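Chains A and B are the protein sequences, given in the same order. To convert, take the position in the first sequence, counting from 1, and add 12; that gives this note's numbering. To convert, take the position in the second sequence, counting from 1, and add 208; that gives this note's numbering.
Quick caveat, the hints were computed from the structure, so don't treat them as lab data. Being a predicted model, the structure only gives us computed values, none of them experimental. Warning: the hint list may mix true and false statements.
Stated by the list, open to error - Label-pair restraints from in silico Cβ distances: (1) B:Gln234 with A:Lys88: 40 to 48 angstroms; (2) B:Asp406 with A:Ser66: 53 to 61 angstroms; (3) B:Trp360 with A:Tyr30: 22 to 30 angstroms; (4) A:Arg186 with B:Asn413: 50 to 58 angstroms; (5) B:Arg500 with A:Arg175: 23 to 31 angstroms; (6) A:Ser72 with B:Ile367: 31 to 39 angstroms; (7) A:Gly232 with B:Leu492: 34 to 42 angstroms; (8) A:Ser72 with B:Gln273: 48 to 56 angstroms; (9) A:Ser72 with B:Lys354: 15 to 23 angstroms; (10) A:Tyr30 with B:Arg500: 53 to 61 angstroms; (11) B:Ile327 with A:Pro61: 23 to 31 angstroms; (12) A:Ser194 with B:Ser475: 49 to 57 angstroms; (13) B:Leu308 with A:Arg186: 52 to 60 angstroms; (14) A:Pro62 with B:Ile367: 18 to 26 angstroms.
Said to hold, decoys possible - Computed from the model, here is a short list of chain B residues facing chain A with C-beta under 8 angstroms: (15) Leu240; (16) Pro246; (17) Leu248; (18) Pro258; (19) Val307; (20) Phe309; (21) Cys315; (22) Gln352; (23) Leu408; (24) Phe422; (25) Thr471; (26) Ser475; (27) Val486; (28) Leu487; (29) Leu494; (30) Leu495.
Where is the CB? At the ideal position from N, CA and C, for every residue including glycine.
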Amino acid sequence: MSMENSLPISHRQRLWLYALGGLVMLFLIAPSVIIVIMSFSGSTLLEFPPQEWSLRWYESYFGSVEWRDATIVSVKVAVMTAIVATPLGTAAAYAINVGTLRLTGAINALLTASLIIPVILIGIGTFFLYARIGLNNTLTGLVIAHTVQALPLVVLTVLSGLRSYDMNQEKVARNLGAGRFSAFFQVTMPQISFSIVSGALFAFITSFDEVVVSLFISGGETTTLTRRMFNALRDQIDPTIAAISTCLIVLSIVLLSAAQLFGRER
Amino acid sequence: MSIAGLRDNDGRKSALNVHALRADAQRESLGLLALLSPGLVLVFAVIIVPIGWLFWLSLFDEAGQLSAANYARFFEQASYIKTFVTTFKVAFVVTGACVLFGYPLACMLSQLPRRAASICLIFVILPFWTSVLVRTYAWLVILQRKGLINSWLIDLGVISQPLPLANNFAGVVIGMTHIMLPFLVLPLYASMKTIDVDCLRAGMNLGASPAATFRQIFFPLSLPGLASGVVIVFVLCLGFFVTPALMGGGKVIMWAMRMEQTTSLYSNWGAGAALGVVLLGVTLALLGLFQRLLGARATGVWSQR
Chain A
13 MSMENSLPIS HRQRLWLYAL GGLVMLFLIA PSVIIVIMSF SGSTLLEFPP
63 QEWSLRWYES YFGSVEWRDA TIVSVKVAVM TAIVATPLGT AAAYAINVGT
113 LRLTGAINAL LTASLIIPVI LIGIGTFFLY ARIGLNNTLT GLVIAHTVQA
163 LPLVVLTVLS GLRSYDMNQE KVARNLGAGR FSAFFQVTMP QISFSIVSGA
213 LFAFITSFDE VVVSLFISGG ETTTLTRRMF NALRDQIDPT IAAISTCLIV
263 LSIVLLSAAQ LFGRER
Chain B
209 MSIAGLRDND GRKSALNVHA LRADAQRESL GLLALLSPGL VLVFAVIIVP
259 IGWLFWLSLF DEAGQLSAAN YARFFEQASY IKTFVTTFKV AFVVTGACVL
309 FGYPLACMLS QLPRRAASIC LIFVILPFWT SVLVRTYAWL VILQRKGLIN
359 SWLIDLGVIS QPLPLANNFA GVVIGMTHIM LPFLVLPLYA SMKTIDVDCL
409 RAGMNLGASP AATFRQIFFP LSLPGLASGV VIVFVLCLGF FVTPALMGGG
459 KVIMWAMRME QTTSLYSNWG AGAALGVVLL GVTLALLGLF QRLLGARATG
509 VWSQR
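The following block holds chain B by itself, in its conformation from the complex:
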């Protein structure tokens, strides 16, 4: 808007106009703010306020003195260190498994004709929308001592003793991989769909072999999608509760379970809150790093379903 130009022509009148326009714009944004405010207030009251409150609590020890005892505990007590190690181990293994399984699937989906791809996508989206509890229950039934896999293998004579598949690390990893896989496949598939086939053709024209075309053109172009999938899966793994609580058999204690135990079982709110604050810090740091490096928002996965 060339307000300055207007003013040159007819100073007084256009100055009035500017005021009117500004007042109108102000009214407009107040109206929009009014539309946003119920949602924002609710989120603020139910999520931000309690978390701030918990953070405040975590700064005091059990005697009510300001101290860093709740945080120092993490470095001093072996059980906490073990929890963190377990959590990161599970997160790394599950993320790795998701990449291993998810990349070929996304690659296949991106190669299929539209109709076939949308039918195959149902296989990714349906589990995504099925309750985590239902899927964890299914894996318990499949993997437990007297579960499907063990009874089949014993009937076939492959093994004589049931394999320990549930209520341990393996069970947690299998169940969580199943739950996290769609979070990796969906953004990866979306980014593979946008790869310009002319780039691949150009590579071929310049004499690249199919393998080189994949390695030097297709794979690098799919990396942003892969990265956003990896980050979101890893971050969700760190704070995951349901599957490890049900399939860990009490042996695999992850971060979120530890938080539940400290607050519900031992009513130690300061310690539980400190765990939560560090978990949130790690989560936000990872997402922030990702956003800075790639300039993309990891939450995009939710709008792609």
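Chain A extracted, bound-state conformation:
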């Protein structure tokens, strides 16, 4: 199998290529592994490998009211973002997939705008807008801003699901007398549900990990976890952040595996 798509190079060259690739993989994964291990250190010094083991940094994370409040804010916003962005993104992907609309270029550009426009500009712009309509430091404001960030990912994920689905099935259902909505919900949606769930998971993690926009528009009671982490890192390197980082890494792994699993069942 590997011979099928292989470059015609000698074994020695192949070995070099794999060694080089392996080193780059190590470079990519090492920081996360180091942080996970260090988060169980018993010392205030960041030493690796740790001399003694403890859960003190996790106790410091879960015991602190400030960190806990920030985590709750982030979870709330991420859940609400997924709830809002998923139906909006699915509806948009469905309309794009039919492909009879004019101005598809403009529509695509607008929907993927938040991937291309520098996020710092979005952050400043959103802050500026929210200052006038009183949405700064509110959960609603955060959910709206994060929904805009997550929307293109949901659209792209659902769109790739729709592309591998035969729309004629829905047409058959409608010919047999099903209305547009019941045809979608009873025929199409069950078959693309995995991409929709993946899209929702991506929306959740996009919101949960978002830093720059939150830096501008969250604060006070609605300080997100990432904003608090950013500010803490500006002052000093607190090992509590290693424990929080480990939790975030585990969350990424869990959500990615879930998305992968859903993707495979398709």
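Fit chain B to the supplied structure of chain A, relying on the hints for placement.
Only chain B this time, still in chain A's reference frame:
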């Protein structure tokens, strides 16, 4: 649809049909537009409107007079020029490092059997989905004065004084390279996967050496993927905020940090907005140029994960 043909047969009836069909098609596209509109309206209100507003602001000076002062500043004040130079320097070095590290990795991934490749891809995708803050924190821990690398090197007796790895240009470049690498590897890997092995075989059959086969066939065919990776990495570098803000030690001021400082610290919205407008202009120009040259969309990287 041969509407004209229909009309020839039975003019009146088919004309009615045409009307009905047209009305139906119109209803259909109105329905689709209704499905799109909530998302479009939201993006328009939260992204496009404020940016338009900021652009408007950037056209006025502090006295409220229409002027180009906010833009002229970029050419006149040395600190702005220094920011731009730093930003482009970081973007070039990081993009170069990504190509240097990413090409061999993508090449290896494309050569591995399916199963092995999908396992190795985890090493690219997991960091991609890990918070930028977490990864920047990790690099701070590794590279700082009393960090891992320095304490290891000192313990081994290689150096006696800690190397300045964090809070400077080197730290920013290392951290950003780690964050940008997946953006280059994923499109490059996807394009390498589509290279037809028969092309390589044909080259060999015609007497090309392995090196020539790589240089004259494999490499040129991988260029579109490489180009889209390079463009997206470069563009993301120009507007990057988190890593330089945390790892630059206040010495490496990049474009986005400058924008944050001018608006948050000095509340000079006109100047900050002008910076944003130029940044957006450069970004769109680069992406547009790329799209025109290669006919591909750089945002494809997000759908390949």
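Problem set entry | Unmet hints by their number, sorted upward, for this structure | Per hint list: 10, 19, 26, 27 and 29 violated.
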